[in-house]
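One-letter residues, chain by chain:
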Amino acid sequence: MYIDPHIHVVSRTTDDYEAMQKAGIVAVIEPAFWLGQPRTEVGSFKDYFSTLVGWERFRASQFGIVHYCTMGLNSKEANNEALAEQVMELLPLYVGKEGVVAIGEIGYDDQTEAEDKFYRLQLELAKEVDLPVLIHTPHRDKRKGTIRSMDVSEEHKLDPKMVIVDHNNEETVKEVLDRGYYAGFTIYPHTKMGSERMVEIVRQYGPERIIVNSAADWGISDPLAVPKTADLMRKSGIPEEHIKLVTYQNALTAFGQSGQMDEQDWLNAAPLDQTKKMGGNSVLRGGQTPRVEGSSDIVEN
Amino acid sequence: MQNQITGFLSLLLESTDNQKGLDWLKVKSQKISSEGTPSQFFLAFSQASRYFKKEKLSLSDQEIKKANELSTGFQPEFWDQLQSARTVLMLSYPQEKETWFTAMNQLFETADMNEHQALFAALPLMPFQEDLIPRAIDGLRTNISLVFDAIALSNPFPAKYFPEANWNQMVLKAIFMQRPLYRIQGLEERRNPALAAIARDFAHERWAAGREVMPEIWRLVSPFVDEMYLEDLKKTLSTKDELQVKSALLALRESAYLPAKELLEAYPEQVASLDMDAIAWESIGSEFQRTRV
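Those protein sequence lines, which keep their order, are chains A and B. The end of the first sequence is residue 335 by the working numbering, with every number in the run present. The end of the second sequence is residue 371 by the working numbering, with every number in the run present.
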């Protein structure tokens with residue numbers, strides 16, 4: 035069993051969902067993020083947030099995967115201040131919803147003043163509703179941005195154990211762990227981490243508070259990054275209980291602090307509801323059954 | 079009426095052994111009612127999931143009767159605990175038209191699946207119902223059966239308010255999604271020739287594709303049986319499938335068309351074993367749901 039605690043499944047296909055389920059992924063967390071191009075209207079945020087708690091969750095359930103999400107205004111779009119203000123007004127409608135396991139992903143991109151302002155406002159919101167925080171650390175000037183994220187979080191008196199600092203690398207991991215935070219690692223080709231480097235990090239730092247994710251989205255990325263990394267760890271002789279911690283249990287412990295994520299959600303899940311599943315207008319159209327074998331030339335009637 | 083409904087739902091929730099949830103609900107609904115601030119209402123409405131389960135309520139026969147007396151067509155025996163609590167909160171919000179619509183529109187537009195289920199199922203308990211017709215029609219565009227069911231099934235709102243075209247669309251979509259038609263309130267009363275023709279077209283499409291036809295659709299056809307529909311019913315009889323045959327016989331029995339009566343005479347034993355119409359349709363529908371969907 036694996037959890038992918040950071041994946042933007044709205045951009046993925048049903049083939050991905052099938053492959054993920056087959057590879058042992060039982061639950062995913064979809065952080066609210068940007069969509070590759072900036073939104074220009076607050077209504078676009080509203081509909082996106084509604085998708086995260088609505089259609090996408092339903093869609094995932096049809097493939098036997100439990101879908102959770104985090105809610106927040108991402109750092110890139112915080113720079114459109116007029117719009118960002120409106121998004122902040124929208125957030126209270128969503129943060130209390132079922133399956134919202136954190137405020138996130140928030141933090142810094144270019145580390146501007148506007149980013150700082152909305153990051154701080156959202157840290158306060160997280161405290162108010164008692165939710166964990168998922169921090170996105172910047173691609174550029176990462177080390178400084180990561181440290182600043184933690185400094186500001188502490189300034190707002192957040193408990194490090196309620197904060198998951200994501201997209202770490204060899205340069206940031208030590209300080210993040212030393213200061214008591216959860217450290218997320220994103221296995222994303224070319225830009226973030228490769229799985230071999232990940233194996234070395236677990237070997238060096240041990241499994242405590244380390245969380246592996248794919249952050250798969252609309253870019254060239256891999257929705258199977260978590261199970262693949264687990265396999266590589268296995269081959270590299272990392273103990274099984276360490277693999278379980280970094281690809282399953284730590285994410286559950288960290289995000290479970292929301293009270294919105296429980297192992298029973300998938301261990302005791304009702305069997306795939308055939309009536310929901312077969313609904314003519316659902317993702318499986320007019321009597322299709324999900325493919326269980328490999329692909330075939332025959333498209334089912 | 080609002081107070082009676084909230085009182086009744088609270089009473090039903092009391093049998094679920096959830097004192098913590100009930101205390102929370104009491105405090106929140108009083109606050110929402112007396113202060114009327116939207117943000118408090120929104121937060122309580124979403125956070126109700128932390129206090130109530132999605133387990134069905136259980137009603138005695140007497141309670142089922144009482145529900146229908148309180149509001150015609152109200153069937154909380156199909157409701158779960160969470161949606162009942164949410165309905166109590168919703169009905170506690172002050173019903174001043176302009177502010178009520180502002181808050182409710184926001185709630186409808188930002189609701190998740192289960193929140194939508196609660197809101198749409200409670201339409202017949204809401205104020206300003208005629209202004210809510212477009213909301214209900216729009217809600218049926220969903221692809222999520224949980225939400226579709228909340229409007230279409232065990233809900234008196236569509237039969238009471240929908241124009242014929244929208245009513246027909248809803249029934250057709252229910253057929254397409256293979257939902258149990260017998261749970262659509264007012265299905266018999268609102269049968270119409272256009273809907274019968276739509277049902278027939280749909281059956282032909284299914285036959286052409288080599289797929290099974292939902293037997294309940296012949297219930298829509300029975301008052302309009304003529305030469306054309308008779309051919310369809312003959313074809314249904316020829317399937318030799320017990321459920322299909324039963325549905326065709328029921329449709330024939332209900333029809334006043336003379337050749338339909340004559341056709342029936344060829345099946346004396348099966349006809350003798352048929353139940354009363356409504357009960358028979360329900361058993362065909364539930365059997366189909368149980369074994370074929």
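For the record, the hints were derived by calculation from the structure and aren't laboratory data. Any given hint could turn out to be false.
What the hints assert, rightly or not - Here are some, though not all, of the chain B residues that point toward chain A, as calculated from beta-carbon distances under 7 Å:
(1) SER112
(2) THR115
(3) GLN118
(4) PHE120
(5) SER127
(6) MET191
(7) LEU218
(8) ILE222
To be verified - Derived CB-CB ranges, DEER-like:
(9) B/LYS109 - A/GLN298: 30 to 36 Å
(10) A/TRP252 - B/ALA287: 19 to 25 Å
(11) A/ILE332 - B/SER364: 31 to 37 Å
(12) B/GLU176 - A/GLY253: 44 to 50 Å
Virtual Cβ for every residue (Gly too), placed ideally from N, Cα, C.
Checked hints:
1. About 21 Å separates the beta-carbon of B/SER112 from the nearest beta-carbon of chain A, more than 7 Å, and the hint is not met.
2. Nearest Cβ of chain A to the Cβ of B/THR115: about 12 Å, over the 7 Å cut. The hint is violated.
3. Taking 7 Å as the C-beta cut-off, the interface hint given for B/GLN118 is violated, the closest approach to chain A being about 10 Å.
4. Against a cut-off of 7 Å between C-beta atoms, the interface hint on B/PHE120 holds, since the closest Cβ of chain A lies about 5 Å away.
5. Checking B/SER127 against chain A by beta carbon gives a least distance of about 4 Å; that is within 7 Å, so the hint holds.
6. Because the closest C-beta pair between B/MET191 and chain A is about 6 Å apart, less than 7 Å, the hint holds.
7. Hint status for B/LEU218 relative to chain A: violated, with the closest Cβ pair at about 11 Å, above 7 Å.
8. Because the closest C-beta pair between B/ILE222 and chain A is about 5 Å apart, less than 7 Å, the hint holds.
9. Range check, B/LYS109 to A/GLN298: Cβ separation about 31 Å, and the 30 to 36 Å hint holds.
10. A hinted range of 19 to 25 Å for the beta carbons of A/TRP252 and B/ALA287 is inconsistent with their spacing of about 35 Å.
11. One distance hint, 31 to 37 Å for the beta-carbon pair A/ILE332 and B/SER364, holds here, with the actual separation near 33 Å.
12. The supplied range of 44 to 50 Å is met by B/GLU176 and A/GLY253, whose beta-carbon atoms lie about 46 Å from each other.
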